[in-house]
Amino acid sequence: MNFKRVILVFLLIPWLSRSFAQKEIDPVVDNIVEAIATATDREDLDLNELTQQLYFYYRHPLNLNTATASELELLYVLSDLQITDLKKHIARFGPLIDFAELQTIELFDKTTMVKLKPFVTVENTSFLGKLKLSKPENEFVLRVSQYLEPSKGFTSKIYNGSPARIFGRYSMYFSDKINFTLSVEKDPGEPFFGKNQKLGFDFYSASLSFRNIGRLKQLVIGDYSLQFGQGLAMWTGYSIGKSALVNAIAKNGNGPRPYRSIAENGYFRGLSASVSLSKHLSITPFFSYRYLDGNLIQKDSTDEVKVSSLQTTGYHRSSNELDDKQSLNELLVGGNLWISPLKRLNFSLTSYHLQFDKSLEQETALYNQFGFKGKEQTVYALAYQLNLVRFYFFGEQTKVSNGGMAFLNGVMMSLTPKATLTLVHRRFDKNFNSFYSQALSEASTNNNEKGFYAGLTVNFSTKLSLSAFSDFFEFPWLRYRVDAPSKGNEYFCMLTYSPSKKLSIEGRYSRQQKEIDLSNDASTITPVIDVVKNAYRVGLIYSLNEFIAIGNRADAVYFNNGINTTEKGLAFSLSIAAQNRSKKLSVDSRFTLFDTDSYNSRIYASERDILYSYSYAMYQDSGARFYINVKVSPLKKLSFWARYSIYSYRNKDELGSGNDLIQGNKKSEAKVQMRLTF
Amino acid sequence: MFKNIVACVLSIYFITGKLYAQNLFYGARIGALANAGSAINDSWNIAGNPAAFTSVHSFTASMGYLNQFSSPEFSTKAGILGFPVKSNFFGVSFNSFGQNPYTEMTTGLSYGRSFGSNFSIGLKFNYHTVAIANYGNSSTYSIEVGLMAKIMTNLTIATHIINPTRSDFGEELQNPLLTIFRLGARYDLSEKTFIVSEVEKPISMNTRFKTGLEFGVFKQLVLRGGISGHPFQQYFGAGYTTSKLQINIAASIHPSVGYSPQMSISYEF
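Sequence order for the protein chains is A and B.
So for the first sequence, my numbering puts the first residue at 22; every next one is plus one.
So for the second sequence, my numbering puts the first residue at 35; every next one is plus one.
Honestly, the hints are just simulated from the structure, not real lab data.
Cβ coordinates follow ideal geometry from the N, Cα and C atoms, glycine included.
One should not assume that every hint holds.
[Claimed, not checked] Dumping the calculated BS3-like pairs for lysine-lysine here, alpha-carbon to alpha-carbon at most 30 Å:
| no. | chain 1 | residue 1 | chain 2 | residue 2 |
| --- | --- | --- | --- | --- |
| 1 | A | 136 | A | 687 |
| 2 | A | 604 | B | 120 |
| 3 | B | 111 | A | 523 |
| 4 | A | 692 | A | 219 |
| 5 | B | 278 | A | 523 |
| 6 | A | 138 | A | 471 |
| 7 | B | 226 | A | 522 |
| 8 | A | 508 | A | 471 |
| 9 | A | 484 | A | 523 |
| 10 | B | 120 | A | 605 |
| 11 | A | 346 | A | 327 |
| 12 | A | 138 | A | 657 |
| 13 | A | 346 | A | 219 |
| 14 | B | 111 | B | 278 |
| 15 | A | 687 | A | 554 |
[What the hints assert, rightly or not] Some chain B residues near chain A, calculated using beta-carbon distances under 8 Å:
| no. | residue |
| --- | --- |
| 16 | 152 |
| 17 | 181 |
| 18 | 200 |
| 19 | 213 |
| 20 | 217 |
| 21 | 229 |
| 22 | 233 |
| 23 | 235 |
| 24 | 238 |
| 25 | 241 |
| 26 | 243 |
| 27 | 247 |
| 28 | 251 |
Sequences are here, hints too, so could you generate the full structure?
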């Protein structure tokens, strides 16, 4: 043991313990989830899984000396370069003595350490791999929510069930080794017991998982998610794309994990295990059999029954939707082999075969003529990671049996300890039809795209930091609503300035240019035109003391297609979060005034919601948005939440369309939740 | 005749880009600072941002008059009363706009509460009446909320939301009460000199940016000026202060309809 190092660490401890004294007060997890939600601004991102993951590590901190790279990455605090640096440091000097020792690692600055502290510990490594059965921890969550204005589906009795949404989940943990989770859900309009739904809830999900027991790294029985490599072959659950988290583009597949979300797609049902055969080799087989929703078609009675489209909403409200429910099944078998021939190099080989019981055949249009057709598919992928001093190379190459290939290769560089640059090149063939790809792309699917991404973060000081990215993309074939090969680009820049602990100011600008069809054009040949969207945002958050924090935000969006007048969108908001001295009662609320000309100039904003929920507001047309969340914890083990939210529009007498049509100019929702731990 | 006058009032409103049934008169001090007053602690914020009148130390009364575009048909008469009870602040405001045949009246009750010296919140209830001769009267209620925080020794930020509940006069009257979001900041350059800026966003109307400067020449005399956009207007004014009495005068210049003089007198008992 290096004596000088020990002395240095102990000198650092008093300074650090002061700066981390706030741990109990900060709603750390909420803040990180909110930051990710705000950063990504993606409506479809399911952060439920992430929230639970972070709460789990908050209660059971990760041991920095034994945590794997993928576990550390799940915290969304450290970059791959920092993780590598940490591993190098441990390899060179032995296990960390104290958290403060991170100070001595070059790439760890104070900001990172403050963020990391709540989720990690530094412990002796001798307990590694042994199963210790402690007293189980149980958690029970029950949530009921409802839109207060009945939509057409309910007033005209198209939906078979009540407008309430009911969700329940029970989890049991034996330390961080064994976990059992059962989730149930009924969406609004779905029948609850009775003749249409004898099972009660519409969706049930359960999993039993074991981790880090001897050679067994992970075993999941039941519902699980899978993430390998860079997500080009297999990635289910949330995946962060282009966003303010510019370096989160480099992914690190975690393999199988228990599925605890309630999105009724994007999970597998069966069995998966990850076994480490040696230090350099581990194997992860997986098997899944589940039902999917699809729209069935049959041209005439003698013809084969085919599936024209897959339904992923998970709604089973009307008789049409109930007809599509579980109309086809999917069998998926595959495996992953992880090899690390050198210390800083590893390969991940993934292959799987999926088989549907009915053949899938989309209605053919010119743009989707290279889409998936048939009953089965085999996917092969090779991913790699290589660390060389200040460079971290990563990539994945994938081939589908009845289609093309996809490539993604990138490098992350630590230019200086304060500046990080990520470069990623991607090329997806137009006939690369993989169902479970979620790699970096401009389009929502990983096909028919070429692109080059560059992301940069600079921490000028602990007070001022910059995140920026640029992305150029090209679509060699037609797309939905784009009747020609097209191209585009996107720029993003964000400056964050925190002059004191109490004040943080953020400004961001983004510009996206791409080619789309000119809509509402009368000519027979639809021209493809260049559209430009400029978006600006200024936000500030100021905490008055540890009990009250106030936020203001202004958004402006300008959309121009070069022909019509510029479409504008504006939104201003005030938010307040407060809690009482005993922390048993907390309230947060936001009021937003918005005024947008069109759908093109709409504005998205992530909203704070009650625990395990997440919501995004979309501001379109003119109106106001308001929400309030209240949390009461009368006992340590028992908490209650309530939420009320409302959209109120100007100059409208009906909202929505189809079965979601609401009479009037208001749409409001009420939500209540209970959480019990024992 | 009546129709013509009403049409004239409304058309001038259109020209000036101001179609609020809320007549926003905040006294001649704030008026000289381009009405960017949400972050200025002033007794006239009893009629404005209810979180920003916590400077009222004792019973205070004030009266003001705004002669918009130098024409009596567009004149506003307004008054305020305010008093503190420890860290609670109470205020009453009254505002009357126009002449027969078209008049608007607003009566407001304000409540402000300060938490320490750096933070205050406020709530205001309004009762609005619009009377048009030979057409009848219409009235409604609305609320306003405000918040002001001193986040650094020389920086104050305030938010004022007018009519967040989006109440209106119902179907019979076409000029509804607007929902307005005001976000203001005050930066102190010295003890008697500061800059204010404000962004004001009324629903379905252009965002207005307003900024002003107050300069303390000597203890009793201050000079003020300001500009605002949509439409571009310039403002200037002066104030004379003794220990109990405060007299403020101001004027704004509109590019097409000219000067609007205003004044207000306050007395602190």
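Inset, instruction - Go through the numbered hints given earlier and state which of them the structure violates, listing their numbers in rising order. - result: 1, 3, 5, 6, 21, 26, 27 and 28
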